[in-house]
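Chain order of the listed sequences is Y and Z.
Position 154 (the first sequence) corresponds to 154 in this note's numbering; numbering is contiguous.
Position 33 (the second sequence) corresponds to 1033 in this note's numbering; numbering is contiguous.
Keep in mind the hints are simulated off the structure, nothing from the lab.
Be careful, since some hints might not be right.
In silico DSBU-like links for lysine-lysine, alpha-carbon gap of 35 Å or less [stated by the list, open to error]:
1) Y:K66 / Y:K336
2) Y:K354 / Y:K188
3) Y:K186 / Z:K1023
4) Y:K188 / Z:K1028
5) Y:K44 / Y:K354
6) Y:K424 / Y:K188
Pairwise CB distance ranges, derived in the manner of DEER restraints [unchecked claim]:
7) Z:R1059 / Y:D128: 40 to 50 Å
8) Y:S453 / Z:M1001: 45 to 55 Å
9) Y:S453 / Z:Y1056: 51 to 61 Å
10) Z:V1021 / Y:Q85: 57 to 67 Å
11) Y:F202 / Z:D1006: 57 to 67 Å
12) Y:G187 / Z:E1013: 23 to 33 Å
13) Z:R1059 / Y:G92: 44 to 54 Å
Beta carbons: idealized from backbone N, C-alpha and C, even for Gly.
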Amino acid sequence: MNRKEFLKRSAAAAGIAPWLSYGFDGTQLGLASGVLGAPHHRPKARRIIYLYMAGGPSQFETFSHKPEMARWAGKELPKEILGEQRLTGMSGNQASLPVAASPYAFRPHGESGIEISELLPHTAGIVDNICLVNTMHSEAINHGPANTFMQTGSQIAGRPSIGAWLRYGLGSDNPNLPPFVVMRTKGKGGQPLFARLWGNGFLPAEYQGVMFRPESDPVLYLNNPGGMQDSARRSMLDRLHELEQLSQEKIFDPAIDSRLAQYEMAYRMQSSVPDAVDLTTETDEVFSLYGPDSKEAGTFANNCIMARRLAERGVKFIQLYHQGWDQHGNCPKGVKNQCQETDQASAALITDLKRRGLLDDTLVIWGGEFGRTAYSQGKLTADNYGRDHHPACFPLWMAGGGVRGGMTYGETDAFGTNPLGEEKMHVHDFHATLLHLLGIDHKRLTYKFQGRSFRLTDVHGHVNHDLLV
Amino acid sequence: MTEQRDYFAAQPEIAKELTAVGKTKLDKQTTEAHSHSEIAAWTMVASTVLNLDAYYMVR
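Build out the structure end to end from the sequences listed, making use of the hints.
Written as structure tokens, this is what we have:
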């Protein structure tokens, strides 16, 4: 009796679910606990929902209240403030770099008294749940490298993304859904998103994120064609396994296992995905909580409801992308629109997770790849200006999953341009902290590739204990 | 192949559905020479073989 036969028979004898009898072992079924077996320490968070604001949200109209800037409006940004900072070619050669002040009012909210812009009234309502980091900083100044850096810990393509590392380290909590799901808001333009942002890099292919689309067919090519019944698909996959088993005995290439694992995941997703994305069971109250857009498939609000449903089903890393935060021009109006599309649903997600008891072990993150300049890119008028990329400091907030609520971390100068003091959080520190919250020592989750061990944080990163409960 | 042949022979209507899928429409010559069940069975076998690692990887 070979191994597969043994598994099949013993599964039948033990009355185990039929899908357990297929495939080579649990690893191929996405059932594994991951390479770590058990976390390094007790995790605070079991899963992450990352609301990725692609394009680089401006800090000045959202989370950074800089009243001094109103007095400097239209005047040249002091040279000593800008210092040696790198500027992009888009505004670096401007003859003048005039200070652009935000026209939007800020006021303190909640018991914590954190100041939030009037463009984010709903986020203001959950402010006591969030940890607002004012001093995120990145090394990349353009979108491609900056997004790749945020998602993979390297500006250069080819490394595994955060979700892929989590799958590698921790495995999956639900064998019927991919542990890493990506959704993007429909109809948004701006800087492109690349599949490498949710890629597996050098890790096995089945660790990459699976994109759910807002169409009636959320995962492309998942459904059987007409005339292909479930039983026919099943027997086809069984025969495929048997044949691959024969070649595996000679070749032993993990790439074959990866492909089989993906066939099997796709097969299980044929029944699990329709249930996960079926919002007809959601109440009107839920839709009104997430806002007027939330019934329309593909909106950010709709994706937020979807994210909560996937979190309930044990998906470990749920990544929402909302593009369009790249306000080189028309910044006041542009940021306002972006906020309107995202504010209510982001806050609703926190409220909803909290009342379902999920916020304690779900880490929610809101943020982009960098911030924006204090000076105007292009012409500054009485009511209009643009802002260029600014990686030296930018806001990002986290909530739940072991992070302290109602706190701010780090301060920036009067022009929101330089971090003040020691409280700063580099992208590598952010990654180290995420992994820590999920029970992983970032220095001990490694994968050997091309002769050396790699980590999400490579040779960098410090866990930021100041943010933790 | 025997398994698929039996399967589609028992359900000719399913076989017709499957053979209607795809860009290439069956021509008269083919349908006169072979039953839909036979074509459907070969479709399944071909699909399995075409999905094998050995089919698309040079080793």
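Comparing the hints with the structure gives:
no., hint, in the structure
1, Y:K66 / Y:K336, "holds (18 Å)"
2, Y:K354 / Y:K188, "holds (29 Å)"
3, Y:K186 / Z:K1023, "holds (29 Å)"
4, Y:K188 / Z:K1028, "violated (48 Å)"
5, Y:K44 / Y:K354, "holds (15 Å)"
6, Y:K424 / Y:K188, "holds (31 Å)"
7, Z:R1059 / Y:D128: 40 to 50 Å, "violated (59 Å)"
8, Y:S453 / Z:M1001: 45 to 55 Å, "holds (48 Å)"
9, Y:S453 / Z:Y1056: 51 to 61 Å, "violated (31 Å)"
10, Z:V1021 / Y:Q85: 57 to 67 Å, "holds (58 Å)"
11, Y:F202 / Z:D1006: 57 to 67 Å, "violated (45 Å)"
12, Y:G187 / Z:E1013: 23 to 33 Å, "violated (41 Å)"
13, Z:R1059 / Y:G92: 44 to 54 Å, "holds (51 Å)"
Checked against the numbered hints above, the structure violates hints 4, 7, 9, 11, 12; every other hint is satisfied.
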